[in-house]
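Q: Sequence lines, in order, name chains A, B, C and D. Take the first sequence: its letter number 222 is residue 222 in UniProt numbering, and every next letter is one higher. Take the second sequence: its letter number 13 is residue 13 in UniProt numbering, and every next letter is one higher. Take the third sequence: its letter number 146 is residue 146 in UniProt numbering, and every next letter is one higher. Take the fourth sequence: its letter number 136 is residue 136 in UniProt numbering, and every next letter is one higher.
Hints may contain errors.
[Stated by the list, open to error] With a straight-line cut-off of 27 angstroms between C-alpha atoms, the simulated DSS-like cross-links for lysine-lysine are:
1. 68/B to 95/D
2. 10/D to 121/D
3. 14/C to 5/B
4. 184/B to 170/C
5. 156/C to 5/B
6. 69/A to 169/A
7. 121/C to 69/A
8. 140/A to 5/B
9. 140/A to 149/B
10. 200/C to 14/C
11. 95/C to 121/C
12. 69/B to 10/D
13. 95/D to 149/A
It should be emphasised that the hints constitute simulated quantities derived from the structure, not laboratory data. All figures in this text were calculated on a predicted structure; none of them were measured in a lab.
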Amino acid sequence: MINKKVANVHEALQGVSDNMTFMLGGFGLCGIPENSINELVKLNLKGLTCISNNAGVDDFGLGLLLHKKQIKKMVSSYVGENDEFERQMLSGELDVELIPQGTLAERCRAAQAGFPAIYTPAGYGTEVAEGKETREFDGKMYVLEHAFKADFAFVKAWKGDAAGNLIFKGTARNFNPVMCGAAKITVAEVEELVPVGTLDPNQIHIPGIFVQRIFQGETYEKRIEQRTVRQRST
Amino acid sequence: MINKKVANVHEALQGVSDNMTFMLGGFGLCGIPENSINELVKLNLKGLTCISNNAGVDDFGLGLLLHKKQIKKMVSSYVGENDEFERQMLSGELDVELIPQGTLAERCRAAQAGFPAIYTPAGYGTEVAEGKETREFDGKMYVLEHAFKADFAFVKAWKGDAAGNLIFKGTARNFNPVMCGAAKITVAEVEELVPVGTLDPNQIHIPGIFVQRIFQGETYEKRIEQRTVRQRST
Amino acid sequence: MALDKIGIAKRIAKEVQDGYYVNLGIGIPTLVANYVRDDIEVEFQSENGVLGMGPFPFDGEEDADIINAGKQTITTLPGASFFDSAMSFSMIRGKHVDLTILGAMEVSENGDIANWKIPGKMVKGMGGAMDLVASAENIIVAMMHTNKAGESKILKRCSLPLTGVGCVKKIVTNLAVLEVTDKGFKLLERAPGISVEDIKKATEGTLIIEGDIPEMSI
Amino acid sequence: MALDKIGIAKRIAKEVQDGYYVNLGIGIPTLVANYVRDDIEVEFQSENGVLGMGPFPFDGEEDADIINAGKQTITTLPGASFFDSAMSFSMIRGKHVDLTILGAMEVSENGDIANWKIPGKMVKGMGGAMDLVASAENIIVAMMHTNKAGESKILKRCSLPLTGVGCVKKIVTNLAVLEVTDKGFKLLERAPGISVEDIKKATEGTLIIEGDIPEMSI
Chain A
1 MINKKVANVH
11 EALQGVSDNM
21 TFMLGGFGLC
31 GIPENSINEL
41 VKLNLKGLTC
51 ISNNAGVDDF
61 GLGLLLHKKQ
71 IKKMVSSYVG
81 ENDEFERQML
91 SGELDVELIP
101 QGTLAERCRA
111 AQAGFPAIYT
121 PAGYGTEVAE
131 GKETREFDGK
141 MYVLEHAFKA
151 DFAFVKAWKG
161 DAAGNLIFKG
171 TARNFNPVMC
181 GAAKITVAEV
191 EELVPVGTLD
201 PNQIHIPGIF
211 VQRIFQGETY
221 EKRIEQRTVR
231 QRST
Chain B
1 MINKKVANVH
11 EALQGVSDNM
21 TFMLGGFGLC
31 GIPENSINEL
41 VKLNLKGLTC
51 ISNNAGVDDF
61 GLGLLLHKKQ
71 IKKMVSSYVG
81 ENDEFERQML
91 SGELDVELIP
101 QGTLAERCRA
111 AQAGFPAIYT
121 PAGYGTEVAE
131 GKETREFDGK
141 MYVLEHAFKA
151 DFAFVKAWKG
161 DAAGNLIFKG
171 TARNFNPVMC
181 GAAKITVAEV
191 EELVPVGTLD
201 PNQIHIPGIF
211 VQRIFQGETY
221 EKRIEQRTVR
231 QRST
Chain C
1 MALDKIGIAK
11 RIAKEVQDGY
21 YVNLGIGIPT
31 LVANYVRDDI
41 EVEFQSENGV
51 LGMGPFPFDG
61 EEDADIINAG
71 KQTITTLPGA
81 SFFDSAMSFS
91 MIRGKHVDLT
101 ILGAMEVSEN
111 GDIANWKIPG
121 KMVKGMGGAM
131 DLVASAENII
141 VAMMHTNKAG
151 ESKILKRCSL
161 PLTGVGCVKK
171 IVTNLAVLEV
181 TDKGFKLLER
191 APGISVEDIK
201 KATEGTLIIE
211 GDIPEMSI
Chain D
1 MALDKIGIAK
11 RIAKEVQDGY
21 YVNLGIGIPT
31 LVANYVRDDI
41 EVEFQSENGV
51 LGMGPFPFDG
61 EEDADIINAG
71 KQTITTLPGA
81 SFFDSAMSFS
91 MIRGKHVDLT
101 ILGAMEVSEN
111 GDIANWKIPG
121 KMVKGMGGAM
131 DLVASAENII
141 VAMMHTNKAG
151 ESKILKRCSL
161 PLTGVGCVKK
171 IVTNLAVLEV
181 TDKGFKLLER
191 APGISVEDIK
201 KATEGTLIIE
211 GDIPEMSI
């Protein structure tokens with residue numbers, strides 16, 4: 001078993017520097033690598049390009065990096081729910097590349113799986129396809145989209161082991177699995193680091209080969225963005 | 001819950017006919033849809049095109065269809081271990097398209113995921129790439145390979161439920177998941193059909209949306225091709 | 001009387017058929033789930049990675065790890081599954097989802113839709129909408145017929161950046177049910193108490209009126 | 001004396017480094033696992049969908065659902081995982097596997113390899129070999145230096161249909177360890193008791209001999 005365990009978030013983030021490109025898992029605030037993000041805030045890196053489906057909220061997730069103006073460019077599919085983001089974007093301080101969510105997922109997976117590019121129908125005929133190569137297959141039009149290139153991927157899993165194997169919970173899975181192995185170095189933080197051999201080999205979502213470093217996160221706030229409930233009928 | 005359960009293999013194979021293209025899961029004899037194959041033999045369909053990593057052995061798996069000369073064309077990555085196959089191929093009775101194993105997997109996944117084609121480095125510069133479009137990305141050459149088109153996919157899972165959710169065991173997983181939803185109709189046979197709600201939603205390998213029909217196989221021989229063991233030290 | 005959001009959701013719910021996998025967008029579409037007939041089997045997919053969504057959780061039973069694409073806490077029904085974003089869009093791009101219901105800012109008579117950006121003002125992003133409209137064979141748009149200023153959102157050509165081209169088949173607004181045809185918007189139904197004349201006034205795109213237009217039953 | 005298959009496997013085992021994920025082909029490569037130093041951590045991947053392979057099972061403990069790419073029954077070690085064929089080749093194509101060891105019928109001095117087809121005679125297929133050689137940065141070929149008729153399999157140009165072009169970096173045969181360079185096969189080591197002259201005779205491709213050629217230690 002090849003040991004990927006590192007002591008803490010500090011050790012896990014060795015080698016990060018200004019102007020790097022990062023992938024960050026999560027959908028909204030669900031399944032985001034909280035500990036890694038907080039460490040990036042602490043390290044006060046600048047000029048970052050962040051590939052992440054969303055950009056957090058004003059005071060949580062990637063919003064924290066935005067507030068300190070650490071991010072130069074965001075590559076996302078949806079960036080609502082964040083006033084500071086909107087301000088920086090509309091003022092031109094922040095470079096934003098909005099791309100379809102499925103394209104975002106598949107450009108990550110292409111990097112993970114060694115594909116240089118993919119053809120997707122998403123965005124054909126819209127400004128997303130402007131300047132991009134398009135092509136017809138079987139009477140339908142597709143846009144050529146390239147694999148991402150990133151320095152680090154930061155993902156968050158539910159459980160993991162020192163071999164780097166990961167299991168995700170519920171919809172906190174989202175982009176995390178497709179970002180594993182899609183950057184030069186993949187850092188996984190987990191809620192629970194379990195002994196090697198306790199995870200069922202049939203039930204591992206991401207085999208450790210896609211993960212370079214793994215650590216147990218210290219705390220997880222797991223903030224809920226839209227708490228919606230129904231009343232119990234009496 | 002949308003019910004995909006059918007009573008038996010006979011009902012599961014409604015609509016199959018001569019000259020159709022089938023995908024069949026399995027690697028060697030591991031994880032092959034035994035019940036569906038046996039039914040195809042019984043139905044005595046002719047002129048079939050079969051997309052399957054291997055072609056069974058002389059008296060088991062797809063070898064049974066070969067013996068009855070039901071197969072017109074095989075699309076596979078490896079076809080050793082089958083004398084009748086080799087005879088039919090070398091004599092020209094059987095049309096064989098050999099393609100790299102990763103290409104086979106990804107042409108299935110492309111069909112499942114709505115991609116028209118993929119670029120893979122596998123086979124570049126070899127006869128596999130002859131007549132195919134090639135292209136350079138970042139200094140490396142790739143071959144354009146198209147998504148498969150198939151009428152039925154026959155897969156075999158370990159456990160499944162009436163919603164069509166599937167779980168695979170060990171290396172019997174192999175091509176089965178990537179063929180689900182990659183044909184017009186996907187037929188899943190399972191060793192054990194469990195009540196809906198008993199499978200953990202976090203641990204489902206293939207969600208039911210990719211499966212049109214599911215049934216519990218009557219018997220599974222699960223033959224071992226190369227029994228290799230070590231002796232207990234005394 | 002023009003329909004409210006619930007009325008639109010109720011009318012769209014009638015389009016949902018037995019055995020459908022349905023993707024619901026944020027806003028009015030989310031409400032549709034509440035009004036689907038209970039004698040048919042339908043499964044709801046959300047692009048953030050869940051199939052088989054159930055109702056909102058009871059107070060106190062929310063799980064931060066189980067949300068829908070609108071980031072709302074949800075529950076799952078028996079037979080549900082969770083998966084990653086790549087597999088989620090395999091379902092969408094691979095045409096495994098039978099019906100997509102989403103909102104729009106504008107729709108044009110050739111079936112174009114705009115719903116993700118107002119240049120210089122608002123840019124929330126397209127989320128999964130571009131993938132959905134590019135691949136879904138069956139798209140219903142839920143929207144108000146006019147904007148707050150009373151201007152039509154049912155247009156000859158969209159003025160906003162597009163989300164997809166030539167993809168919308170059916171539109172349910174607070175005033176009408178429309179079908180996108182080669183010749184323009186074919187008026188299928190009127191909201192209760194709304195006249196054909198009312199709809200004509202609220203529609204900038206070509207409106208095709210053939211014979212008597214029935215009132216919706218909701 | 002020329003090495004036997006086990007000797008070749010033992011020599012290749014010395015190329016395996018701590019922390020490597022290794023894909024072993026069928027035949028001699030499979031034997032390599034038995035001779036890797038036990039003070040380093042290595043994980044074996046098999047393209048049919050397993051990472052963390054262990055030894056063969058004890059008699060009576062075989063599981064038909066747990067095999068390697070050679071269809072042999074295997075076991076797994078703690079930390080192992082199973083996955084589908086698409087993910088397996090994501091590991092391979094995505095360059096996550098550190099070392100690929102495979103057999104060959106022929107290798108040419110520009111690094112081409114042929115190992116899947118003898119036209120008109122034998123066509124077993126390429127299995128995963130074309131994917132492996134097209135993407136692996138570190139490929140070692142395990143093979144006999146000559147065929148049964150005594151003809152060299154280390155050639156100027158391959159005569160059989162290729163599996164991959166310009167991809168082989170190192171070759172371990174029953175006679176020698178060779179490195180593929182711009183100028184030809186560089187002789188790195190001799191098998192015990194085998195002379196440079198023996199190797200010259202058995203090699204059709206350009207052989208580069210610089211200085212004293214050490215004998216292998218196995």
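Q: Check the structure against each numbered hint from earlier and tell me which ones fail, lowest number first.
A: Failing hints, ascending: 1, 2, 5, 6, 8, 11 and 12.
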